[in-house]
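Asker: The chain contents come next:
Protein chains: 2
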Amino acid sequence: MSANWFRRRFLPGGPLPAPRPPRPRASPVPYRRPRFLRGSGSSPSTADASCRPDARPVRSPVRGRALPWNAGYAEIINAEKSEFNEDQAACGKLCIRRFEFGVEEDQEWLTLCPEEFLTGHYWALFDGHGGPAAAILAANTLHSCLRRQLEAVVEGMVATQPPMHLSGHCIRPSDPQFVEEKGIRAEDLVVGALESAFQECDEVIGRELEASGQVGGCTALVAVTLQGKLYVANAGDSRAILVRRDEVRPLSSEFTPETERQRIQQLAFLYPELLAGEFTRLEFPRRLKGDDLGQKVLFRDHHMSGWSYKCVEQSDLKYPLIHGQGRQARLLGTLAVSRGLGDHQLKVLDTNIQLKPFLLSVPQVTVLDMDQLEPQEEDVVVMATDGLWDVLSSEQVARLVRSFLPGNREDPHRFSELAQMLIHSTQGKDDSPTQEGQVSYDDVSVFVIPLHNQGQGCSSH
Amino acid sequence: MSANWFRRRFLPGGPLPAPRPPRPRASPVPYRRPRFLRGSGSSPSTADASCRPDARPVRSPVRGRALPWNAGYAEIINAEKSEFNEDQAACGKLCIRRFEFGVEEDQEWLTLCPEEFLTGHYWALFDGHGGPAAAILAANTLHSCLRRQLEAVVEGMVATQPPMHLSGHCIRPSDPQFVEEKGIRAEDLVVGALESAFQECDEVIGRELEASGQVGGCTALVAVTLQGKLYVANAGDSRAILVRRDEVRPLSSEFTPETERQRIQQLAFLYPELLAGEFTRLEFPRRLKGDDLGQKVLFRDHHMSGWSYKCVEQSDLKYPLIHGQGRQARLLGTLAVSRGLGDHQLKVLDTNIQLKPFLLSVPQVTVLDMDQLEPQEEDVVVMATDGLWDVLSSEQVARLVRSFLPGNREDPHRFSELAQMLIHSTQGKDDSPTQEGQVSYDDVSVFVIPLHNQGQGCSSH
Chain F
-2 MSANWFRRRF LPGGPLPAPR PPRPRASPVP YRRPRFLRGS GSSPSTADAS
48 CRPDARPVRS PVRGRALPWN AGYAEIINAE KSEFNEDQAA CGKLCIRRFE
98 FGVEEDQEWL TLCPEEFLTG HYWALFDGHG GPAAAILAAN TLHSCLRRQL
148 EAVVEGMVAT QPPMHLSGHC IRPSDPQFVE EKGIRAEDLV VGALESAFQE
198 CDEVIGRELE ASGQVGGCTA LVAVTLQGKL YVANAGDSRA ILVRRDEVRP
248 LSSEFTPETE RQRIQQLAFL YPELLAGEFT RLEFPRRLKG DDLGQKVLFR
298 DHHMSGWSYK CVEQSDLKYP LIHGQGRQAR LLGTLAVSRG LGDHQLKVLD
348 TNIQLKPFLL SVPQVTVLDM DQLEPQEEDV VVMATDGLWD VLSSEQVARL
398 VRSFLPGNRE DPHRFSELAQ MLIHSTQGKD DSPTQEGQVS YDDVSVFVIP
448 LHNQGQGCSS H
Chain Z
-2 MSANWFRRRF LPGGPLPAPR PPRPRASPVP YRRPRFLRGS GSSPSTADAS
48 CRPDARPVRS PVRGRALPWN AGYAEIINAE KSEFNEDQAA CGKLCIRRFE
98 FGVEEDQEWL TLCPEEFLTG HYWALFDGHG GPAAAILAAN TLHSCLRRQL
148 EAVVEGMVAT QPPMHLSGHC IRPSDPQFVE EKGIRAEDLV VGALESAFQE
198 CDEVIGRELE ASGQVGGCTA LVAVTLQGKL YVANAGDSRA ILVRRDEVRP
248 LSSEFTPETE RQRIQQLAFL YPELLAGEFT RLEFPRRLKG DDLGQKVLFR
298 DHHMSGWSYK CVEQSDLKYP LIHGQGRQAR LLGTLAVSRG LGDHQLKVLD
348 TNIQLKPFLL SVPQVTVLDM DQLEPQEEDV VVMATDGLWD VLSSEQVARL
398 VRSFLPGNRE DPHRFSELAQ MLIHSTQGKD DSPTQEGQVS YDDVSVFVIP
448 LHNQGQGCSS H
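Chains as they are written, first to last, in the numbering used here: chain F, -2 to 458; chain Z, -2 to 458.
In case anyone wonders, no lab produced these hints; they're calculated from the structure. Each hint should be verified, as a subset may be incorrect.
In this list, chains with the same sequence are indistinguishable; a pair is considered to hold if it fits within one copy or across any two.
Stated by the list, open to error - Using 27 Å as the maximum straight-line C-alpha spacing, the simulated DSSO-like pairs for lysine-lysine come out as follows:
1. K179 / K293
2. K293 / K315
3. K293 / K344
4. K353 / K226
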């Protein structure tokens, strides 16, 4: 199957609202010309600005400035793989309005004052495919979706325990007991808000791409600090890890056709019509050919973790639903990830077989209690797109972090320099501090988020 | 919903083959009269005999006899919860025939000789519900299914790496490379065989129960040692743990409506007709009533790990697909487990809503490399039905194991005594060596399997 698997088409139907349509770069990003992002004390809209594809590098103006919050530091590099930069990033302060119950919708704004904000921080990486459009839309939209979802449940978040009824009024005296027995905590509302925000953003991207006649999709990796906790939500093959002096902890899992094989095969088992008779649901070690017919070959079906043998029939010679391994594994011969945003119109080349039913926009969310962790000066979270992890393992990145930070304690830009150094390590440069790993030919984006003092001064109830 | 949720009925169709129909006990097992099992050097059929419901206690005859293999020791107790003992067990030697390629089916037996057996050991616990019939059938059948499934792949198991084609003849020179790249190992064939054996056994139980006009289901927990590895396959809420001097390791996960909520809700989302308009797919902290209408209440849907709020509509007042928490959680108001064997005819009381589409017979399989583990004298696996784990945690059981074994090093029956002691600990007896935990009112079955020397002399290639 060709790599050119996107077909532009217009679906019937009236025009959809398209605020802030994506504006792809007029010219390609120069090879290895890094675009630096550094957060600053900001309203959420700054996250929009800093990640707009036409935003200028903002590194110099804020160099050395005391930042009112530990913004984290990003470096993004375009590997000339595509005409436009398919990696996009966003970061900023997340301000969640609180409003009182019973206040009319149009009066809601009047009740605001600075003390009524619940604030957190937000970092996001989006790795686009089939063009940068979905990644740009996601970088412009997801934090707004998240803020909206959090505002819808904020009263539950600030209570000792989320009330069964959002009004806070018990319908039955036993209601708090049921909530406690189910073990529902404030953090479950943030997890739920992240899950809903990804879904909402996916719908927005679908509408906006359709309205503007564009196509594409992207992975999404988001970190949020709120009320002393760090939330990492992931849909795709980016990765976040926690690096401490004597610990490397994964904060996300990758979602690829291989890691989600059973879910994807299960869907094809329940709805065989999704494969339109063109694909086989079964997994084999390689694609079967005519001379395999009648042989007993290794196979796996949806309910199996292990392998068994089956007698090859004609239908087994079809192209496999998931084919290839490692970086070459593809869903329906088309896509290397199994979760992400966008791709609403993506079909298998020259067929009507849609990818979307197999693709999920739902993230997996990990929660890290920062109060319990008691982060030290050099504890960081490293978030990066697959361009980094293709050539460096989590342990290799941790070694680079640990070898870099202690020698640069006085440098106010050390986290930014660390992000740069990690990217340079993937480029096979002469000045690279290490020759670990291989050379990456993919776009690479890295956030380094220092955790020390991250929880302080970030939230006001 | 009543506990009397079984309806006997006969499905249309001709008679099905029913070898060895289950023979339920004619009289109930006396309260707290334990039935002891002790394995012996045996052909696989001994496992049948030792677990037949009419088998007599076999403890005394083998006391003190040197066993040719570490059989493990079981104790089963009937808690008078049901008229017949719904807990059943099986254990024995697993002998897998090897036959040569190209030998005709009817000549296959002629090629056998003792050296052509691959041998392992097998332990299984089945916790029945709705009567003992399914558990008895499973104890009589599953090891035969497993032997058959292993024999179908044994040539792949004894190769350095399973060949892509079972004939061993490469169709293409690159075949071994594909198998290696997929990381397929001999142990994956055993995992696949266990998965297929559970499915096959489930089909046998379905046919035999239908043919004999009986009903019911059971959980299944199986441990197998083969080629230096321990495999634990679990479908239900029994549990196996590894207890070492300084480690307690879970070897299984429990499958209940709560732990499998997302899979079950997902199926109802894809096939809403399975609920026949009688149930709501959504989870709430408690069942909603009329006075919740219009309120915003906490809820979770299939795609959510976290919680959110929704405005209550009329359809949310239906009975929840999964209701209650902990031991009280029920699938469709009927069943406390979400995986197991049998239950083919089980319907929600007074409806045509079937449980089976939501129930899986597929086990989760854990593999423990015993060669790598280098088991010490007092390293054991404890397998038990939920009656034990309802009142003792894994850590409490590990403490009891560690406090019991060192003081009884000279006792040749110490593992058997340990199994008894663990059960007594759940019965609130005066002579119980500990007052940890609470009293169990459920059937309780325990296997204690010493791991030391378990891999030796068990397999001949």
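Asker: So, for every hint listed, does it hold in this structure?
Answerer: Hint check:
| no. | hint | verdict |
| --- | --- | --- |
| 1 | K179 / K293 | between (49 Å within a copy, 17 Å between copies) |
| 2 | K293 / K315 | within (16 Å within a copy, 49 Å between copies) |
| 3 | K293 / K344 | neither (33 Å within a copy, 39 Å between copies) |
| 4 | K353 / K226 | neither (33 Å within a copy, 41 Å between copies) |
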